[in-house]
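Participant: Chains as they are written, first to last, in our numbering: chain E, 1 to 459; chain W, 1 to 459.
None of these hints come from the bench; they were simulated from the model.
Note that the structure is predicted; figures quoted are calculated from it, not measured.
In this text, a Cβ means the ideal position worked out from N, Cα and C, and glycines have one as well.
Just so you know, nobody snuck in bad clues.
Here are a few chain W residues that sit away from chain E, every Cβ distance over 10 angstroms (derived from the structure): (1) 31; (2) 33; (3) 38; (4) 67; (5) 98; (6) 422; (7) 426.
Computed spacing ranges between beta-carbons, pair by pair: (8) W/428 to E/390: 29 to 35 angstroms; (9) W/42 to E/143: 31 to 37 angstroms; (10) W/386 to E/25: 42 to 48 angstroms; (11) W/228 to E/61: 29 to 35 angstroms; (12) E/72 to W/206: 30 to 36 angstroms.
Number of protein chains: 2
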Amino acid sequence: MSDFETDVSANSEGGFDPRRISLVRQALGQGDAGQLTTLLDPLHAADIADIIEQLSSFDRRKLIDVWYGEIDGDILSEIDESIREEVIGYLPRHILTDAVRELDTDDVVDILEDLEEPQQAIILGALTDADRAAVEQALAFPDYSAGRLMQREVVVAPLHWTVGETIDFLRNADHLPDQFYHVILVDPRMKPQGYVSLGRLLAAARATQLRALAEDSYRTVRGATPEADVAYLFTQYHLISCPVVDADDRLVGVITIDDAMNVLDEEHEEDMLLLAGVGEESSISDGVFETVRQRFPWLFVNLLAANLSALVIAQFQSTIAVFLALAALLPIVASMGGNAGTQSLTVAVRALATRDLTATNAMRVVRREAAVGLINGMGFALMMALVGWYFYDSLALGGVIAVAMVVNLLIAALAGVLVPLIFVRFGMDPAVSSGTFVTTLTDLFGFFTFLGLASLVLM
Amino acid sequence: MSDFETDVSANSEGGFDPRRISLVRQALGQGDAGQLTTLLDPLHAADIADIIEQLSSFDRRKLIDVWYGEIDGDILSEIDESIREEVIGYLPRHILTDAVRELDTDDVVDILEDLEEPQQAIILGALTDADRAAVEQALAFPDYSAGRLMQREVVVAPLHWTVGETIDFLRNADHLPDQFYHVILVDPRMKPQGYVSLGRLLAAARATQLRALAEDSYRTVRGATPEADVAYLFTQYHLISCPVVDADDRLVGVITIDDAMNVLDEEHEEDMLLLAGVGEESSISDGVFETVRQRFPWLFVNLLAANLSALVIAQFQSTIAVFLALAALLPIVASMGGNAGTQSLTVAVRALATRDLTATNAMRVVRREAAVGLINGMGFALMMALVGWYFYDSLALGGVIAVAMVVNLLIAALAGVLVPLIFVRFGMDPAVSSGTFVTTLTDLFGFFTFLGLASLVLM
Chain E
1 MSDFETDVSA NSEGGFDPRR ISLVRQALGQ GDAGQLTTLL DPLHAADIAD
51 IIEQLSSFDR RKLIDVWYGE IDGDILSEID ESIREEVIGY LPRHILTDAV
101 RELDTDDVVD ILEDLEEPQQ AIILGALTDA DRAAVEQALA FPDYSAGRLM
151 QREVVVAPLH WTVGETIDFL RNADHLPDQF YHVILVDPRM KPQGYVSLGR
201 LLAAARATQL RALAEDSYRT VRGATPEADV AYLFTQYHLI SCPVVDADDR
251 LVGVITIDDA MNVLDEEHEE DMLLLAGVGE ESSISDGVFE TVRQRFPWLF
301 VNLLAANLSA LVIAQFQSTI AVFLALAALL PIVASMGGNA GTQSLTVAVR
351 ALATRDLTAT NAMRVVRREA AVGLINGMGF ALMMALVGWY FYDSLALGGV
401 IAVAMVVNLL IAALAGVLVP LIFVRFGMDP AVSSGTFVTT LTDLFGFFTF
451 LGLASLVLM
Chain W
1 MSDFETDVSA NSEGGFDPRR ISLVRQALGQ GDAGQLTTLL DPLHAADIAD
51 IIEQLSSFDR RKLIDVWYGE IDGDILSEID ESIREEVIGY LPRHILTDAV
101 RELDTDDVVD ILEDLEEPQQ AIILGALTDA DRAAVEQALA FPDYSAGRLM
151 QREVVVAPLH WTVGETIDFL RNADHLPDQF YHVILVDPRM KPQGYVSLGR
201 LLAAARATQL RALAEDSYRT VRGATPEADV AYLFTQYHLI SCPVVDADDR
251 LVGVITIDDA MNVLDEEHEE DMLLLAGVGE ESSISDGVFE TVRQRFPWLF
301 VNLLAANLSA LVIAQFQSTI AVFLALAALL PIVASMGGNA GTQSLTVAVR
351 ALATRDLTAT NAMRVVRREA AVGLINGMGF ALMMALVGWY FYDSLALGGV
401 IAVAMVVNLL IAALAGVLVP LIFVRFGMDP AVSSGTFVTT LTDLFGFFTF
451 LGLASLVLM
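Please model the complete structure; the sequences and the hints are all you need to start from.
Facilitator: Next up, the structure:
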């Protein structure tokens with residue numbers, strides 16, 4: 001039984017026990033390497049990596065000083081990129097090279113991508129010639145492409161083989177990939193022609209032809225295909241693995257669903273962070289200055305936009321001087337427009353990412369947004385008219401803010417869906433800075449409508 | 001070769017050709033069922049479902065009238081929940097029952113969850129007794145739990161079997177699940193003890209003991225475990241499948257990675273939509289009134305909050321009357337605070353979802369946010385001081401807005417991380433309405449600091 005992890009209940013909750021981190025800190029305080037091993041050794045590499053991430057920079061340094069001998073390739077792979085460079089910098093050279101040699105080449109590529117030149121050279125130098133060639137070939141594919149994502153070890157069988165021949169081949173193979181879910185069928189020029197799931201292979205009689213078992217959901221991608229498209233294929237067609245081919249349709253590797261799931265996760269994160277105006281690669285473990293560097297530029301653009309709005313308001317100073325209540329109502333206009341715009345924008349960006357919003361239904365979605373903006377606008381117009389009338393004692397003011405609210409929410413709804421659509425039309429990421437665009441538009445139009453109307457009606 | 005889809009290039013792009021929708025519309029206009037079949041039949045069910053989603057409600061109805069005979073369980077499973085009920089409503093009863101009978105019970109559960117009582121009854125009535133019992137057992141688990149997600153068909157082998165015995169058993173099995181990646185090892189009481197990947201099974205000699213091949217990454221979950229925790233386990237430990245056990249640790253089903261990937265996708269969508277103040281289940285194919293119903297309440301809360309801010313401003317009317325430039329600068333205060341708060345909030349919500357932000361590092365993250373807020377605040381304070389001095393011709397005004405900017409960005413950064421942490425502390429979803437909370441806080445404090453200082457310094 002020693003081969004199995006039988007402690008089901010401990011596994012059921014997911015994640016590690018936060019109390020373990022306190023114990024790790026204690027052991028670090030005492031410089032007790034034995035105690036560290038007792039605490040960390042039973043854990044999955046992903047959990048050890050999480051603990052390393054959550055320690056302060058000071059404790060992290062100390063942990064590596066005391067425990068570096070135990071840090072292997074798996075742990076290194078699992079550590080978040082934001083602190084991986086730091087950890088690699090602390091590791092003695094021989095530990096680093098041992099760790100890297102253990103890894104599959106796709107994991108080495110994943111680590112290398114985020115490192116600076118000198119560290120890259122150390123790692124490349126640690127690899128065998130064959131592995132280094134494989135890694136360099138992968139790096140020749142564009143960033144964020146299928147070629148970067150794939151593993152180069154593939155399990156293939158000629159089209160004409162039977163189940164029995166395939167099983168005999170697998171039993172005699174020197175080395176098979178850790179993870180494989182299909183046997184890829186290839187023609188004599190290594191062009192993939194389909195694949196057979198291992199489940200079907202196991203269930204079939206030895207004499208069965210492989211081609212009779214091939215799966216319907218078979219797809220291939222080219223090495224240069226963007227990884228976002230790869231992730232889309234996996235979700236859309238429920239793929240488990242997907243062969244990668246070169247420009248001549250020859251098999252060069254395979255992507256498995258766990259890699260696609262990672263990409264999906266990163267794409268989501270990127271959309272979410274970009275929409276919020278945060279650098280796409282920001283992480284909770286970034287330092288203060290790294291965080292300032294990521295956030296400052298977005299806030300700066302926002303400051304310029306806000307000053308533009310302030311200019312609009314300044315044009316109406318004489319009106320505001322007479323009706324001071326207008327000043328108090330300005331933030332309501334800005335806030336409602338901004339929020340309604342963000343609602344439409346988020347739904348649109350999400351639908352673009354899942355490809356549920358396309359050229360086909362764009363006009364219908366724009367019409368729907370306009371209708372929603374109008375209806376919501378009229379509802380809030382009524383409320384604000386009452387507020388204006390009752391609290392600010394002016395029916396005219398109530399009327400002005402009511403009309404402004406309708407116009408504002410209509411523009412917000414339209415801007416929310418049109419801005420990302422226009423971005424996509426020009427080949428840009430719909431999430432990048434579209435938030436600032438939308439709120440700037442709603443602010444400018446909102447203030448202009450509200451104060452312009454006020455000047456006309458009240459003065 | 002007819003068994004394989006060999007048109008690699010057509011597959012490489014991902015997704016269907018939008019031109020095909022125009023052709024579908026044409027065929028619908030002519031009521032040409034044969035042409036529809038020519039267009040749709042070669043497609044994957046997921047692509048057919050996308051086309052059905054992207055048609056207008058009118059065209060959708062027409063498509064089902066003409067083409068209902070071809071709509072099967074796979075297509076029904078793939079259709080977005082927001083319009084599935086509509087489609088099911090149009091389908092003749094016998095088509096619906098045929099479609100449902102084809103499906104695995106976990107897909108039936110997935111469809112049933114979103115339907116109203118009468119439609120549920122029709123579908124349950126269509127099932128065989130055994131399937132109905134399975135579906136009803138799954139529905140007995142809480143919403144969004146592992147028990148709802150799992151498939152009940154499992155491939156198991158006794159702990160003491162050899163590879164040869166297992167392969168013989170699989171070859172003779174009447175019916176195996178469509179998707180399985182592991183053989184689960186069980187003891188005589190059906191308690192799972194580990195699992196063997198099909199790859200290892202295939203590569204091993206017939207005499208090898210299964211237990212010698214069991215995988216390290218093995219985990220189980222209980223049926224009542226929330227699906228979000230299940231998705232976390234899959235990403236954290238790179239699982240491909242995960243056995244589900246009951247309260248007595250007996251095997252009741254298995255969850256595969258494609259289901260976990262769906263959950264991950266939905267969780268992300270939920271966080272993103274909730275942060276934007278949109279109902280968590282909104283979709284691009286929702287109708288106008290459904291969309292209004294989702295968005296109105298959030299905007300209403302926002303309106304109340306904005307009126308609160310207006311009240312704060314109204315307290316300073318006499319100051320604004322003297323320095324009208326203050327009115328123009330108010331939106332800058334609101335906009336910078338709101339944006340900086342959203343930045344911190346989004347990073348915090350995301351880190352909570354990925355469990356990178358925990359009790360262990362919360363204090364360090366709060367300190368980091370405070371430092372970032374202070375540094376950014378001082379940067380923008382300098383700029384706004386210059387703006388105040390140069391454009392509004394008042395060094396005092398520049399000083400006031402500078403100090404307000406520092407306080408504002410500090411509060412925004414702190415609120416952005418503290419609000420979701422406090423929500424979690426009280427067992428609430430950190431994404432729900434935390435955006436409104438944060439911007440309300442930054443508006444109130446921002447206006448109060450800015451106008452309060454202005455009253456003190458300028459008057």
